[in-house]
Structures are given as C-alpha cells and as structure tokens.
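Chemist: Chain by chain, the residues:
Protein chains: 2
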Amino acid sequence: MTEITFLGTSAMVPTKERNVTGIYLDYKGEGILIDCGEGTQRQMNIAGINRLKVRTILITHWHGDHVSGLIGLIQTMGNNEKNAETGEKTKIRIFGPEGTKERMQHLLNSCVFQNKVDLDIKEINLKSPELIFETKEYSIEAVNVKHSTPTLAYSFIEKDKRKVDMGKAGKLGLKEGPYIGKLQSGQEVMFKGKKILPDEVSKIIKGKKIVFVLDTTPCPSCIEISREADILIMESVYATNMEEKADAYKHMTAQQAAQIAHQANAKKLVLTHFSQRYKTVEEIETNARDIFPESVCAFDFMKIKV
Amino acid sequence: MTEITFLGTSAMVPTKERNVTGIYLDYKGEGILIDCGEGTQRQMNIAGINRLKVRTILITHWHGDHVSGLIGLIQTMGNNEKNAETGEKTKIRIFGPEGTKERMQHLLNSCVFQNKVDLDIKEINLKSPELIFETKEYSIEAVNVKHSTPTLAYSFIEKDKRKVDMGKAGKLGLKEGPYIGKLQSGQEVMFKGKKILPDEVSKIIKGKKIVFVLDTTPCPSCIEISREADILIMESVYATNMEEKADAYKHMTAQQAAQIAHQANAKKLVLTHFSQRYKTVEEIETNARDIFPESVCAFDFMKIKV
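In order, the protein sequence lines correspond to chains A and B. Going by this note's numbering, the residue at position 219 of the first sequence is 219; the numbering climbs one at a time, nothing skipped. Going by this note's numbering, the residue at position 69 of the second sequence is 69; the numbering climbs one at a time, nothing skipped.
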C-alpha cells in the first residue's frame with residue numbers, strides 16, 4: 001500500500017486550520033517524510049502515524065517552515081523505549097540541498113540532548129533530475145529548482161512489476177512455485193518440454209510516480225521532474241491574480257502550477273502550501289482547474305491512497 | 001488584567017491532546033512567554049493570542065521540548081507586515097540559563113532567514129532568588145533549580161498598589177485631582193489646613209505573585225522562589241508512585257510538588273508537564289490534593305484569570 005498524508009498545508013506561518021509543511025509517504029509500512037516544519041511530529045501523532053517508521057527525510061530547503069520540526073522528531077525517535085533498551089540507533093537517511101550538513105549540526109547544537117539517531121546526510125545539487133536513492137522496489141530522484149535559497153524537488157518512482165495471471169498460467173498446467181517465481185521476474189521457463197515466455201502468462205504493472213515540487217518559481221526543472229507523474233504535489237502559495245507577489249517571493253500561483261502539470265502530462269495535481277491570507281482555497285482550486293481539470297487543494301490530514 | 005494561558009502541558013513529547021511546554025502570561029496586554037516548545041506559535045494562534053504582543057521570554061532550560069518553538073515564533077514576529085513596512089524591529093528580552101546565547105545563535109543559524117527581531121539575551125545564574133527585571137508595575141525574579149542541565153525557575157511579582165477609597169476621601173472633602181494622586185502614591189497632603197495621611201483614606205492592594213517551577217527535582221530553591229505564591233505553576237511529570245523514575249530523570253512527582261506548595265505557603269498549585277504515559281491525570285491531581293488541597297492539573301488552553 002502507498003499512502004500520502006498531508007501533515008501541514010500552510011505556507012510560512014501555521015494557522016488554526018493548517019500547520020506548516022510536512023508530507024508523509026507510507027510505502028508498504030516504510031515512512032518517507034518530505035519536509036518537517038514545526039509541529040510535524042505532533043501532526044503525525046494526531047494522524048495516527050507511527051513516528052518511528054520514518055527511514056528517509058527529503059528536505060526541499062532550509063526555510064524554517066520546512067525544517068524546524070526536525071529536532072523534535074529526531075529527539076522523539078531517539079528516545080523511544082525500544083532503542084533505549086537495546087542501545088540500537090534508528091537510522092535515518094536525510095537528503096537536502098547544499099548546506100544541509102551544517103544547518104543540521106546547528107539544529108543538533110541548539111538543544112541539550114544526546115542524539116540517539118544515526119543520521120546519514122547527503123547534500124544534493126543537480127541541474128537535471130537524477131537518481132539519488134533506490135531500493136528493489138522504488139527509486140528517488142531529485143533536481144534543483146528556483147527559490148530564494150538552494151531548493152530541491154523530489155520524485156518517488158515505484159518500480160514496474162510483472163504480475164503473473166494465475167488463470168492463464170493454470171491453463172498451461174503451472175501452479176504456485178519456482179516456475180511462477182521465474183516468470184514473475186521476467187525469465188522464460190521450460191515446462192514439460194515447452195518454452196513459456198513471461199509475456200504469455202504475465203504483464204507489466206507500471207509503478208506509480210509521485211512528485212513533490214514545493215517552494216519554487218516556475219522553471220524547466222519543475223516540468224522535467226514532474227513528467228508523467230501520477231500524483232504531482234505542488235506549491236501554490238497564491239491564486240492566479242497574485243503573480244507579481246508570487247514572483248517577488250519566488251513562489252507560484254495556481255495558474256503557474258496548473259500549467260506545469262499540463263506541460264508535464266501529469267495525471268493529478270494536488271496543490272498545497274497556501275498563504276495564510278486565504279481563509280478558504282476555493283479560488284486557488286478554481287484557478288487551477290480552469291487550466292488542469294484534475295486539480296485539488298490539499299488540507300491537513302488529507303490522505304491519498306495511490 | 002492578568003491572565004495565564006497554558007499552551008502545552010505535556011512533558012518531552014507532544015500527544016494528541018497536549019502540546020509540549022509553553023505558558024503565556026498576559027499582563028495588561030503585554031505578553032510574557034515562559035518556555036516555547038515546538039508548536040507554541042500555533043497554540044498561541046489557536047488560543048487567540050496575538051503573537052506580536054510577546055515582549056519577554058523566560059527560558060527555563062534548553063531541552064528541546066521547552067525551546068524548539070523559538071525559531072518559528074521569532075520568524076513569525078519578524079515577518080509581520082507592520083514591521084516590514086516600517087523597517088522597525090520588534091524587541092524581545094530573553095532570559096535563560098548559562099549557554100542561552102550560544103544555543104540561540106545555533107537556532108538562528110539552523111534556518112535560512114533574516115532575523116528581523118531585536119533579541120536582548122541575558123544569561124542568569126543565581127543560587128538564591130534575585131530580581132532580574134522590573135518595570136513600574138512588576139518585577140521578575142529567577143533562581144537556579146536542579147535538573148539534568150542548567151535550569152531556572154521564575155517568579156512574576158506584581159507590585160503592591162495603594163488604592164484610595166473615594167467614599168472616605170469624599171467625606172473629608174477630597175475629590176479626583178492632584179490630592180488624590182498624591183495620596184495614591186503614598187504621600188501625605190495638607191488640605192484646608194489639615195494633614196491627611198495616606199492610610200486614612202487608602203489601603204494597600206497586594207500585588208499577585210505567580211511562580212513557574214518547571215523541570216527540576218525538589219530542592220531548597222524551589223521552595224524559596226515559591227514563597228507565598230498566589231499561583232504556583234509546577235511540573236509534575238509523574239504520579240506519587242513513580243518517585244524512583246522521577247529521581248532518575250530529575251523530575252517531580254505530584255507528592256513532591258504538593259509538599260513544596262505546602263512548605264512555601266502557596267495559595268494555589270497548578271500542575272503541568274505530564275508524562276505521556278498518563279491518558280488522564282486524575283491520579284496526579286488526587287495525589288497532590290491529598291497533601292495540598294488547592295491543587296489542580298492544567299490542560300492545553302486552560303486560562304487562569306489572576
């Protein structure tokens with residue numbers, strides 16, 4: 001199961017209804033956190049997310065509303081009782097733009113505590129989207145985008161999988177077992193003197209692509225990283241009529257985000273990171289749908305099953 | 001008007017119901033914030049407190065659950081539109097234990113932002129309660145207490161005020177005006193050839209004392225700073241039966257807090273900073289009342305008008 005939970009959908013400042021940025025991606029029980037604004041660990045708790053499941057944190061940039069919840073989360077993860085008993089350290093991979101190692105060290109030095117989490121920090125600086133991490137089941141790509149400080153956009157790409165049609169396989173006399181395993185992994189098998197090709201009994205299930213484009217002004221990298229996204233999560237601090245302000249602060253309007261979704265041929269656009277000036281975000285949603293009908297505005301604790 | 005708002009009443013880790021430590025004291029519209037754990041600025045927003053009113057922050061110690069909301073609050077205060085227009089910097093006095101200046105600098109360096117708040121930081125190290133700040137209307141005292149890192153307790157002491165009984169003054173022929181002003185400020189006046197002493201027509205209204213004893217193990221300083229408190233706000237991470245654990249982590253049980261309230265002759269004890277193990281805090285409240293009947297457990301957004 002892949003599930004996205006929006007932990008905070010306000011830009012810059014938390015409001016009564018919206019916390020600052022944090023997005024949790026649950027991939028088969030493993031947690032990937034995109035940004036960690038102040039209060040994220042509590043939002044996870046309220047959303048029923050086990051904070052100890054986080055294995056990867058993707059930091060877009062070091063503005064406070066995207067990172068100042070990191071210290072609380074790292075402390076809470078380190079202080080969990082299981083680790084206290086075994087002395088084992090939870091490992092967390094952290095990716096972020098240039099300066100991430102130094103900023104993280106300042107954060108760790110800002111409070112009195114013994115860090116019990118093993119942090120593996122990598123700084124990324126990429127002009128075109130490239131692989132930064134992969135497992136057997138998924139890969140993560142990143143690219144620089146254009147904000148007022150070094151900033152990254154990320155994509156999570158589930159790998160394609162071959163799925164055997166057990167009905168078709170059964171007709172050839174094949175049952176669960178090593179033959180099926182081989183076909184599933186794309187290899188041909190010899191069965192009762194006959195060669196069976198994987199495509200005869202199985203098909204490729206395309207992996208899903210989820211893209212996170214947070215603080216940025218429109219730029220070619222935004223389109224490149226978003227190509228063919230199943231879910232494109234994108235900032236839209238302002239409605240379309242505020243383009244001047246968006247330009248000044250290197251943010252996006254609903255129109256700009258929707259144009260990128262259209263150009264990148266995304267399937268669904270989810271807007272987030274709204275200015276506190278908007279009590280409701282209907283205007284932003286309407287602006288986006290005028291250009292890209294499959295648009296929706298996120299709200300805190302919204303979940304998307306992918 | 002003096003009003004206390006509890007912004008977070010959980011120890012160490014936020015729970016669904018309780019955020020980490022933050023207490024807001026509104027003294028006639030001026031804000032004094034005692035500790036600023038992660039999420040405090042949002043709690044203020046939800047409580048309807050104007051974050052821009054904060055003029056003084058009293059930091060007890062540098063454990064994350066007491067300070068990691070500082071960076072968000074400082075950014076939000078600096079970015080308010082009025083300041084952006086005038087270029088004026090909001091001034092905030094910050095008091096904290098040894099190391100406060102260095103830790104604050106790490107916090108400021110952890111995020112990318114231009115600090116638009118003028119921070120006046122003072123480090124305090126006092127074996128007995130002493131004055132650290134005063135205005136015409138109140139004074140603040142502090143003292144070291146005993147936790148696992150340098151930690152302070154604070155008291156807010158409203159100054160006594162003389163109040164003229166206009167009925168009594170009227171009988172002597174005195175009406176609003178300079179004579180009343182003089183009597184109010186404690187001076188005698190000559191009226192129609194007769195000397196009038198302040199005590200004849202006025203009386204002293206005792207100022208209220210509010211004390212904040214957060215993370216600490218019981219120690220003589222806790223009693224000294226709490227003497228004759230009208231409101232004594234004190235940590236009680238654990239119920240009485242958990243004294244061993246409280247000792248180990250240099251915290252207090254309900255019994256220990258109540259004994260201090262009794263020894264200090266406080267009028268009312270308000271317990272806070274509860275371990276997340278307690279889904280309800282009835283046990284803690286009952287334990288405390290057995291020793292000090294005027295005890296109550298705080299909850300998030302509880303307000304006390306003093």
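The hints are simulated quantities; they were obtained by calculation from the structure and are not laboratory data. Check the hints yourself; a few may be wrong.
[Claimed, not checked] As a list, the in silico DMTMM-like pairs of lysine to aspartate or glutamate whose alpha-carbon atoms are at most 20 Å apart:
| id | chain 1 | residue 1 | chain 2 | residue 2 |
| --- | --- | --- | --- | --- |
| 1 | B | Lys171 | B | Glu158 |
| 2 | B | Lys171 | B | Glu137 |
| 3 | A | Lys194 | A | Glu176 |
| 4 | B | Lys16 | A | Glu17 |
| 5 | B | Lys168 | B | Asp120 |
| 6 | A | Lys16 | B | Asp300 |
| 7 | A | Lys91 | A | Glu130 |
| 8 | B | Lys101 | A | Glu102 |
| 9 | B | Lys194 | B | Asp165 |
| 10 | B | Lys136 | B | Asp300 |
| 11 | A | Lys101 | B | Glu102 |
| 12 | A | Lys161 | A | Glu188 |
| 13 | A | Lys116 | A | Glu134 |
| 14 | B | Lys305 | B | Glu228 |
| 15 | A | Lys16 | B | Glu17 |
| 16 | B | Lys206 | B | Asp230 |
| 17 | A | Lys91 | A | Glu123 |
| 18 | B | Lys16 | A | Glu123 |
[Claimed, not checked] Across the chosen pairs, the derived CB separations fall in these ranges:
| id | chain 1 | residue 1 | chain 2 | residue 2 | range |
| --- | --- | --- | --- | --- | --- |
| 19 | B | Lys305 | A | Asn241 | 49 to 57 Å |
| 20 | B | Met302 | A | Asp118 | 47 to 55 Å |
| 21 | A | Asp120 | B | Glu137 | 51 to 59 Å |
| 22 | B | Thr86 | A | Asn265 | 42 to 50 Å |
| 23 | A | Gly207 | B | Gly99 | 43 to 51 Å |
| 24 | B | Glu17 | A | Glu123 | 36 to 44 Å |
| 25 | B | Thr280 | A | Leu52 | 20 to 28 Å |
| 26 | B | Asn241 | A | Leu131 | 32 to 40 Å |
| 27 | A | Leu131 | B | Thr86 | 23 to 31 Å |
[Said to hold, decoys possible] Computed footprint of chain B on chain A, listed as stretches where at least three residues anywhere in the stretch have a Cβ under 8 Å from a Cβ of chain B:
| id | stretch |
| --- | --- |
| 28 | 40-51 |
| 29 | 61-69 |
Since this is a predicted model, take the numbers as computed values, not measurements. Glycine is no exception: its CB is placed at the ideal position from the N, C-alpha and C atoms.
Chemist: Run every hint past the structure and note whether it holds.
Modeler: To see whether the hints hold, each was checked on the structure:
In summary, the hint linking Lys171 (chain B) to Glu158 (chain B) is not supported, as the alpha carbons are separated by about 31 Å, beyond the 20 Å threshold. Taken as a hint, the Lys171 (chain B) and Glu137 (chain B) pair is broken in the structure, with Cα atoms around 30 Å apart against an allowance of 20 Å. Our distance criterion of 20 Å between C-alpha atoms is met by Lys194 (chain A) and Glu176 (chain A), whose separation comes to about 18 Å. As the CA atoms of Lys16 (chain B) and Glu17 (chain A) are separated by approximately 15 Å, the hinted pair is consistent with the 20 Å bound.
The straight-line distance between the Cα atoms of Lys168 (chain B) and Asp120 (chain B) is roughly 46 Å, outside the 20 Å bound, and the hint therefore fails. Only pairs whose Cα atoms come within 20 Å are accepted, and Lys16 (chain A) paired with Asp300 (chain B) is accepted, the gap being roughly 15 Å. Proximity of Lys91 (chain A) to Glu130 (chain A) is assessed by CA-CA distance (about 24 Å); at most 20 Å being required, the pair is judged violated. The straight-line distance between the Cα atoms of Lys101 (chain B) and Glu102 (chain A) is roughly 19 Å, inside the 20 Å bound, and the hint therefore holds.
Taking the CA atoms of Lys194 (chain B) and Asp165 (chain B), the gap is near 18 Å; set against the 20 Å cutoff, the hint holds. Proposed proximity of Lys136 (chain B) and Asp300 (chain B) is contradicted: the alpha carbons are some 31 Å apart, above 20 Å. This hinted pair checks out: Lys101 (chain A) and Glu102 (chain B) have alpha carbons roughly 19 Å apart, not beyond 20 Å. At most 20 Å may separate the alpha-carbon atoms for a hinted pair to count; Lys161 (chain A) and Glu188 (chain A) meet this at roughly 16 Å.
For the hint pairing Lys116 (chain A) with Glu134 (chain A), the CA-to-CA distance comes to about 25 Å; that exceeds 20 Å, so the pair is violated. Taking the CA atoms of Lys305 (chain B) and Glu228 (chain B), the gap is about 18 Å. The hint holds against a cut of 20 Å. Distance restraint check for Lys16 (chain A) and Glu17 (chain B): the Cα-Cα separation of roughly 15 Å lies within the 20 Å cut-off, and the hinted pair is therefore satisfied. Annotation: proposed proximity of Lys206 (chain B) to Asp230 (chain B) holds, straight-line Cα distance about 11 Å (limit 20 Å).
Between Lys91 (chain A) and Glu123 (chain A) the alpha-carbon distance is near 17 Å, which keeps this suggested pair within the 20 Å criterion. Taken as a hint, the Lys16 (chain B) and Glu123 (chain A) pair is broken in the structure, with Cα atoms around 34 Å apart against an allowance of 20 Å. For the pair Lys305 (chain B) and Asn241 (chain A), the beta carbons lie near 45 Å from each other, so the given range of 49 to 57 Å is not met. A hinted range of 47 to 55 Å is violated for the C-beta pair Met302 (chain B) and Asp118 (chain A), which are about 39 Å apart.
Taken as a hint, the range 51 to 59 Å holds for the pair Asp120 (chain A) and Glu137 (chain B), whose Cβ atoms sit roughly 53 Å apart. Range check, Thr86 (chain B) to Asn265 (chain A): about 47 Å between beta-carbon atoms, so the 42 to 50 Å window is met. Restraint check, Gly207 (chain A) to Gly99 (chain B): a C-beta distance of roughly 49 Å satisfies the suggested window 43 to 51 Å. At about 38 Å, the beta-carbon gap between Glu17 (chain B) and Glu123 (chain A) stays in the expected band of 36 to 44 Å.
For Thr280 (chain B) and Leu52 (chain A), the Cβ-Cβ distance of about 25 Å falls inside the hinted range of 20 to 28 Å, so the restraint holds. With their beta carbons about 55 Å apart, Asn241 (chain B) and Leu131 (chain A) fall outside the hinted range of 32 to 40 Å. Against the hinted window of 23 to 31 Å, the Cβ-Cβ separation of Leu131 (chain A) and Thr86 (chain B) comes to about 49 Å, which falls outside the hint. With a cut-off of 8 Å between beta carbons, the stretch 40-51 of chain A has 4 residues touching chain B; three or more are needed, and the interface restraint holds.
Beta-carbon proximity to chain B at under 8 Å applies to 8 residues in the stretch 61-69 of chain A; the threshold of 3 is reached and the given coverage holds.
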